[in-house]
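One letter stands for each residue in the lines below.
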Amino acid sequence: MRAPPEPVQVVKGRRDAALERLVGGVPFIAFLGLRFDRRGDELTSVLPFRDELIGNPILPALHGGATAGFLEATAIVELAWTAMWEEMEAGRIGPDAPLRLPKTIDFTVDYLRSGLPRDAYARARVNRSGRRYASVHVEAWQDNRARLFAQATGHFLMPEAAQ
Amino acid sequence: MTPDLTSAARDEIAQRFISALPYAKALGLTLVRLGDGMAEILMPWNVQLVGDPETGVIHGGAVFALMDTCAGTAVMSHASAPRRTATLDLRIDYMRAAMPDRVITARAECYHITRTVAFVRATATDGDDRPIATATGAFMIEPAP
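Chains as they are written, first to last, in the UniProt record's numbering: chain U, 1 to 163; chain V, 1 to 145.
Take these hints with a grain of salt, some might be off.
[Stated by the list, open to error] In silico DMTMM-like links for lysine to aspartate or glutamate, alpha-carbon gap of 25 Å or less:
#1 Lys25(V) / Glu52(U)
#2 Lys103(U) / Asp51(U)
#3 Lys103(U) / Asp89(V)
#4 Lys103(U) / Asp129(V)
#5 Lys25(V) / Glu109(V)
#6 Lys12(U) / Glu87(U)
#7 Lys103(U) / Glu86(U)
#8 Lys25(V) / Asp89(V)
#9 Lys103(U) / Asp101(V)
#10 Lys103(U) / Glu20(U)
#11 Lys25(V) / Asp16(U)
#12 Lys103(U) / Glu54(V)
#13 Lys103(U) / Asp37(U)
#14 Lys103(U) / Asp36(V)
#15 Lys25(V) / Asp101(V)
#16 Lys12(U) / Asp110(U)
#17 Lys103(U) / Glu87(U)
#18 Lys12(U) / Asp37(U)
#19 Lys12(U) / Glu52(U)
#20 Lys25(V) / Asp36(V)
#21 Lys103(U) / Glu89(U)
#22 Lys25(V) / Asp119(U)
#23 Lys103(U) / Glu6(U)
#24 Lys12(U) / Glu86(U)
#25 Lys103(U) / Glu142(V)
#26 Lys12(U) / Asp96(U)
#27 Lys103(U) / Glu42(U)
#28 Lys25(V) / Asp51(U)
#29 Lys12(U) / Asp51(U)
#30 Lys103(U) / Glu139(U)
[What the hints assert, rightly or not] Covered, in the sense of this in silico footprint (three residues per stretch, anywhere, with C-beta under 8 Å from a C-beta of chain V), are these stretches of chain U:
#31 19-27
#32 50-59
#33 94-101
[Stated by the list, open to error] Not close to chain V: a few residues of chain U, all C-beta gaps over 10 Å, as computed:
#34 Gly13
#35 Leu62
#36 Leu71
#37 Ile76
#38 Glu87
#39 Gly91
#40 Ser114
Think of the hints as simulated: they come from the structure by calculation, not from any bench.
Every value quoted in this text rests on a predicted model; they were computed, and no experiment measured them.
Ideal placement from N, C-alpha and C gives every residue a C-beta, glycine not left out.
The shape of chain U in the complex, shown without the other chains (with noise of 0.2 Å):
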C-alpha cells in the first residue's frame, strides 16, 4: 500500500511558509514594495505601482534603477527558491536554518521600452544552476505578457554548502 497524499493544506502551508521566509527577511523586498505569487512551484514577481518608483516625472515613467532592482531582486529569489525546493519539499529545511542568499557576480539589463505608471510582472528563468555558479535570465512586463519592457541576464554565485 501507498502511503495516502499529504493534505493540500499541508503542501500549499510548508510551501508558502518556504517562500514567506525566503522573502519576508529581505528589507529591500519590502522597500520595493514586492510581492510573490505562487503557482505550484512557479513565481511571479508583482511590483505594485507607486510614485516614489518614478524616475521621469514629465513622462512619466518608472526608473531604471527601480526597474532593475525589481528584476534582480526576483532572479536572486527565483534561484533561491529553484535551490531550496527538494530539501524543503522534503521537510528537511528547518523554520530556523539561516538565510543562505545567492549572491550577484554580475547583472546586465536591457531596457527595451519606457515602464509605464502601472504594476510591473516578472518572471525568471534560471538556464543553468551549478554547485558555484549560476546564470539567470528574467523578464518584464506590464500590460501585456508579450510585451516585454525590460529584460536582464545575470551570474550568481551561489553559498557554499548550500542548505
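Dock chain V against the given chain U, drawing on the hints supplied.
For chain V alone, coordinates are given in the frame of chain U:
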C-alpha cells in the same frame, strides 16, 4: 558647433534632473560633483536597502539604481547638452560587498557621445581603494534642438 549652454546652466539642468526623480529621493541620493560629462553621487547606508539580512549588505538592486542615476546624470552634464536621456542597457559587475554603515559613492563618466547614443562607465566605492562595483552602459539621448 552648436551653441553651447553655459556651464552653470548645465549644472542646473543636471541638479534638477536628480532632485526631480522620486526614486532617487527615496534612495537618499545626493549629487556632490558635476561637470562636463562627469558626475558623482552618494547613497547613504540605509537598513531598508539591505539585501542580505544575515550580513547587512545593501541589495545589488539599490547599487544598480545609484549607478544608473549617476550614469544618466553624467550624460545630462555633457557639453553637448542633451535634453533628455534614457538607459538602453547597463551592466554592473559586483566586485565585493559594500560594508554596512558606509556611504557608497558612485562616479560616472560619459566618455563618448554621438547624436543619438551616449556611452558611460561608472565605479562605486565605499571609502576603500578597492571598488565595490563597476558599470558600463549605453544611453539614448534626445539632442539639443
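Hints versus structure:
1. Lys25(V) / Glu52(U): Judged against 25 Å, a Cα distance of about 8 Å means the pair holds.
2. Lys103(U) / Asp51(U): 29 Å, violated
3. Lys103(U) / Asp89(V): At roughly 21 Å apart (the allowed maximum being 25 Å), Asp89(V) and Lys103(U) satisfy the hint.
4. Lys103(U) / Asp129(V): The hint holds at about 22 Å.
5. Lys25(V) / Glu109(V): Judged against 25 Å, a Cα distance of about 22 Å means the pair holds.
6. Lys12(U) / Glu87(U): At roughly 15 Å apart (the allowed maximum being 25 Å), Glu87(U) and Lys12(U) satisfy the hint.
7. Lys103(U) / Glu86(U): 21 Å, holds
8. Lys25(V) / Asp89(V): 22 Å, holds
9. Lys103(U) / Asp101(V): 19 Å, holds
10. Lys103(U) / Glu20(U): Holds - the C-alpha atoms of Glu20(U) and Lys103(U) are around 20 Å apart, at most 25 Å.
11. Lys25(V) / Asp16(U): 34 Å, violated
12. Lys103(U) / Glu54(V): Distance of about 12 Å is within 25 Å: holds.
13. Lys103(U) / Asp37(U): 23 Å, holds
14. Lys103(U) / Asp36(V): Violated, at about 35 Å.
15. Lys25(V) / Asp101(V): 19 Å, holds
16. Lys12(U) / Asp110(U): 35 Å, violated
17. Lys103(U) / Glu87(U): 20 Å, holds
18. Lys12(U) / Asp37(U): Measuring from Cα to Cα gives roughly 13 Å; hence the hint holds.
19. Lys12(U) / Glu52(U): Since the Cα atoms of Lys12(U) and Glu52(U) sit roughly 33 Å apart, the hinted pair is violated (cutoff 25 Å).
20. Lys25(V) / Asp36(V): 23 Å, holds
21. Lys103(U) / Glu89(U): 24 Å, holds
22. Lys25(V) / Asp119(U): The hint holds at about 20 Å.
23. Lys103(U) / Glu6(U): 34 Å, violated
24. Lys12(U) / Glu86(U): Satisfied, since the Cα-Cα distance of roughly 15 Å is no more than 25 Å.
25. Lys103(U) / Glu142(V): Distance ~36 Å between Lys103(U) and Glu142(V) Cα, so the pair is violated.
26. Lys12(U) / Asp96(U): Judged against 25 Å, a Cα distance of about 19 Å means the pair holds.
27. Lys103(U) / Glu42(U): Distance ~21 Å between Lys103(U) and Glu42(U) Cα, so the pair holds.
28. Lys25(V) / Asp51(U): 11 Å, holds
29. Lys12(U) / Asp51(U): 34 Å, violated
30. Lys103(U) / Glu139(U): Cα-Cα ~19 Å, so holds.
31. 19-27: holds (count 3)
32. 50-59: This one holds; 7 residues, not fewer than the three required, reach chain V with a Cβ under 8 Å.
33. 94-101: holds (count 4)
34. Gly13: 23 Å, holds
35. Leu62: Since the minimum Cβ distance to chain V is about 8 Å, Leu62(U) lies within 10 Å and the statement is violated.
36. Leu71: 8 Å, violated
37. Ile76: The claim is violated: Ile76(U) sits with its nearest Cβ about 8 Å from chain V, within 10 Å.
38. Glu87: Answer for Glu87(U): holds, closest chain V Cβ roughly 18 Å.
39. Gly91: For Gly91(U), whose nearest Cβ neighbour in chain V is about 23 Å away, the distance exceeds 10 Å, so it holds.
40. Ser114: Per Cβ check, Ser114(U) is inside 10 Å of chain V; nearest 7 Å; violated.
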